[in-house]
Amino acid sequence: MVPFWWNCTHVLEFRRRWLLDHVKSGPLRDYLMTPVPSRRRPLDSLDFMALDLETTGLDAKRDEIISVGMVEMRKCRINLETSSHLLVNPQKEIPEESVILHGVTDDISKTGATLEEIMPRLLDALTGKVLVAHYARLEVTFLQAACRRLYGYPLVVPVVDTLRLESKRLKAGNRYPKAGDLRLDAVRMRYNLPRYRAHNALSDALSAAELFLAQVSHRAASGRMLTLGDLLR
Amino acid sequence: MEIELIEILEFLTSCPPFDILPEEVRQTLPATIHIRYARRGAEIMAPGDALDTLQIIRTGAVEIYQQNGHLITRLDEGTIFGAQTILRGGTAVSRAEAIEDTLIYQLSATVFQNLCRDHAEFRDYFGPVGADRLRSAVQRAENGQESSFGLMASLVVEHISRKPVCMSPDASVKEAARLMTDAKVSSILLVEEGGSDLVGILTDQDLRTRVVAEGVSLEAPVRTVMSQSPTTISAHRTAFDAMLIMAQHNQHHLPVHRAGKIIGVVSPHGLLQNQCTSVIFMVSEINKQRNVQGLVEVCTQIPQLLVSLSDSGTTAQSISHAITVVTDTVTRRLLRIAERIMGPAPVPFAWAAAGSQARDEQTIQSDQDHCLLIDDSYVKSKHGQYFRDLARFVTDGLNACGFVYCPGDAMATNPQWRQPVRTWRRMFRHWITEPTPKAVMLCSIFFDLKFIEGDEQLFWAFRECVLNNTGSNRIFLAHLAANALRNQPPVGFFRNFVLIDGGEHDDTLNLKKNGVIPIVDLARVYSLERGIHAVNTKGRLQKARDEGMLSPRGARDLLDALEFINLTRIRHQAKQLRIGADPNNYFSPKELSHFERDHLKDAFLIVQTMQSSLEQRYQVSRFL
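Protein sequence lines, in the order shown, are assigned to chains X and L. Here our numbering is used: the first residue of the first sequence is 3, the next is one more, and so on. Here our numbering is used: the first residue of the second sequence is -14, the next is one more, and so on.
Among these hints, one or two may not hold up.
To be verified - Residues from chain L that keep clear of chain X, each with C-beta distances beyond 12 Å, as calculated:
| id | residue |
| --- | --- |
| 1 | -4 |
| 2 | 23 |
| 3 | 185 |
What the hints assert, rightly or not - Simulated restraints, written as ranges between beta carbons of each label pair:
| id | chain 1 | residue 1 | chain 2 | residue 2 | range |
| --- | --- | --- | --- | --- | --- |
| 4 | X | 175 | L | 566 | 48 to 56 Å |
| 5 | L | 64 | X | 129 | 51 to 59 Å |
| 6 | X | 175 | L | 567 | 47 to 55 Å |
| 7 | L | 25 | X | 84 | 28 to 36 Å |
| 8 | X | 13 | L | 64 | 41 to 49 Å |
| 9 | L | 489 | X | 11 | 56 to 64 Å |
| 10 | L | 104 | X | 143 | 42 to 50 Å |
| 11 | X | 119 | L | 578 | 49 to 57 Å |
| 12 | L | 350 | X | 171 | 38 to 46 Å |
| 13 | L | -9 | X | 150 | 31 to 39 Å |
| 14 | L | 564 | X | 169 | 55 to 63 Å |
| 15 | X | 46 | L | 601 | 40 to 48 Å |
| 16 | L | 489 | X | 46 | 34 to 42 Å |
| 17 | L | 481 | X | 119 | 20 to 28 Å |
Hints in this document: simulated from the structure, not taken from any laboratory. C-beta: ideal position from N, C-alpha, C; glycine also.
Could you build the full structure based on these sequences and the hints that come with them?
Structure (structure tokens):
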């Protein structure tokens, strides 16, 4: 489905152009029309999208997305006007342990749209932006799975993981994080960020966005203009 | 609204003035907010920046600086900044820096302006700050007491409702009674035929006690029953002074003179008010006492006097004046008692109060400050003993009455401050020509002098001579100005601390040292430059304004600052007295309300501004 060199190159633009040749129509093609932001671009000039997904479990093959929280950042400012919280109506019943975790019950979910209806909105919001998430692997695998399932091809998007940034920062200072040190709440506390009680896709996306601003602000203290490449490295 | 933004809504609700917005309006706000983060040390706003959002501190702390680098304020969680900038047009004039890692919520200027337009209460929160806000607070306090003590601060002339009723002292008692009845007055002034000099007064009470009760003929001339040469009062003195004179002379009708002419009579009827009655009562009680023990007993009521004056909403200026009047009367009484015991003084002298008593600015825990000026005919070997004993007696008496000994020994018991006038003159000349730090400190005590008892001529001749020498000496004035800059007001408050310039903080605030004294010192420098006679700080500032040394606005702002700081201080002391604690000048910021914090900050800013203008005027730095 993807060429043999797919995993050998980190140059997302190569992947995008290849996909553009193969994806003939639909929301994914619309998304792919916009170039991927270059690694050399300074952070100030980029748009970011903090994303958080609530899912029925951790296995992207079997489990489903039940809600999406998105918070947009432009010029290192969070913009709540464009933030959104989308509920997805899953095909299967939501397992009980997942309900306890994020409070989204079957009844609430029924009010949501199908993933097929939601993905175009999500892709549209993400166009030309850099995705930000705390422990981004979960978000990325679920998004990729959804794209492959719905459109037959994967997604190409630059991703900044706030957990990885923090882990690298600690290691650079010769501190090795213990279990729990990298949890979103624990990391936020170190940056003097407020404690949010609620846990849902939107408030977690907001939490990740604020953390991202804090991390960038502290990295910028070194004086040199930061580029996207600095965060992806 | 997304339910998840409820935490932002809850936070906004906890920040005044967002709490006063209607719920449905407030709910629309979270979705319009932008969020930024500033790490510790990062600049958030610089002079000249175009500001298009209101800044609300979510976590962390921010310092605001003037362009010249002076710290204006330090803000913490839940406080707002940038409102004035937006309302002024959007260009920042100050610099903001994060002093902790700070998360800021930003509300767009358009949304903010719409809120201000639609919600008056919300807008009022961002109303005038600084001197204007303080002005309205002081005015509110002043208006609140129109009915009580305000009257007593009014001038005697305002209480004269009619021309005086006069007749010749040669008229008969019957004619006098007839005229008084026709004119509906309770007193009549007696003026020699063809002259204008007041020779006596006849009152209703006199007709009862001296005519009817004594069986004097109704045809007898008034001259035989009138009170001769009654005490008079100048038209520009206060109603309060009039009441005092009545109490001191046991005379209930006081002729009022202006430019040597009698223009009317005032009586207690028109003047009497509860608040001052208690002071008047104390003064008359003090004057009745024949020994120290009696005075001590009367003085136990002073704390109660302060509490009741404070409760009645009297201005700080009037309360301090009332307390000082009591101190003056006790001092005078002690001197009389001493004279009775020790006999009359061998040579003329003047007992003078210094410091806060001289300025009519005492509060409850003021210490003694006074000195003795003795006539130049003084010979130490012959007269020294008398004045030493006199000073000892009065000073011990005052201490027993609750006016504690001066910790700096600026009292007449100290031989240095009990000198013939020629020595005093030499001392002042020395201080002025060679202003060492110690000399300047002494000047700040002994330049505030008030005559209490003894030979008034002696006092004024000396005072005049001193005042004539100060104004011309720029170096002395520069030193005095430097001394006036020694005590700086704090910048404001931060969380539960007092914020001092340079960013240090303290957990208590001394409103006397860092609030009142800087203003008193400023007023003294200005008054000495022009040889202004006034000693009271308000009087000095008004005179300095009239002489053009202070702008009308600068003078008014300083007076407002002084009044507000003193009022806060006196109310604090009254509160301590009420719960049985020893009154002091120390505050913990925790005790201050939002209102008091905001207004004290305005007052401090005024003092700072005036201190820098003093610094420039006298070019203080060149002399230090």
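Hints, one by one, checked against the model:
1. -4: The claim breaks: residue -4(L) does not keep its Cβ more than 12 Å from every Cβ of chain X (closest is about 8 Å).
2. 23: violated (6 Å)
3. 185: holds (82 Å)
4. 175(X) / 566(L): 48 to 56 Å: The hint (48 to 56 Å, Cβ to Cβ) holds, given that residue 175(X) and residue 566(L) are roughly 52 Å apart.
5. 64(L) / 129(X): 51 to 59 Å: With Cβ atoms ~38 Å apart, the hint is violated.
6. 175(X) / 567(L): 47 to 55 Å: holds (53 Å)
7. 25(L) / 84(X): 28 to 36 Å: About 29 Å separates the Cβ atoms of residue 25(L) and residue 84(X), which means 28 to 36 Å holds.
8. 13(X) / 64(L): 41 to 49 Å: Check passed, 47 Å falls within 41 to 49 Å.
9. 489(L) / 11(X): 56 to 64 Å: holds (57 Å)
10. 104(L) / 143(X): 42 to 50 Å: Holds: the Cβ-Cβ distance is about 49 Å, inside 42 to 50 Å.
11. 119(X) / 578(L): 49 to 57 Å: holds (55 Å)
12. 350(L) / 171(X): 38 to 46 Å: violated (57 Å)
13. -9(L) / 150(X): 31 to 39 Å: The hinted range 31 to 39 Å holds for residue -9(L) and residue 150(X), with Cβ atoms some 36 Å apart.
14. 564(L) / 169(X): 55 to 63 Å: holds (57 Å)
15. 46(X) / 601(L): 40 to 48 Å: holds (43 Å)
16. 489(L) / 46(X): 34 to 42 Å: With a Cβ separation near 36 Å, residue 489(L) and residue 46(X) satisfy 34 to 42 Å, so the hint holds.
17. 481(L) / 119(X): 20 to 28 Å: violated (53 Å)
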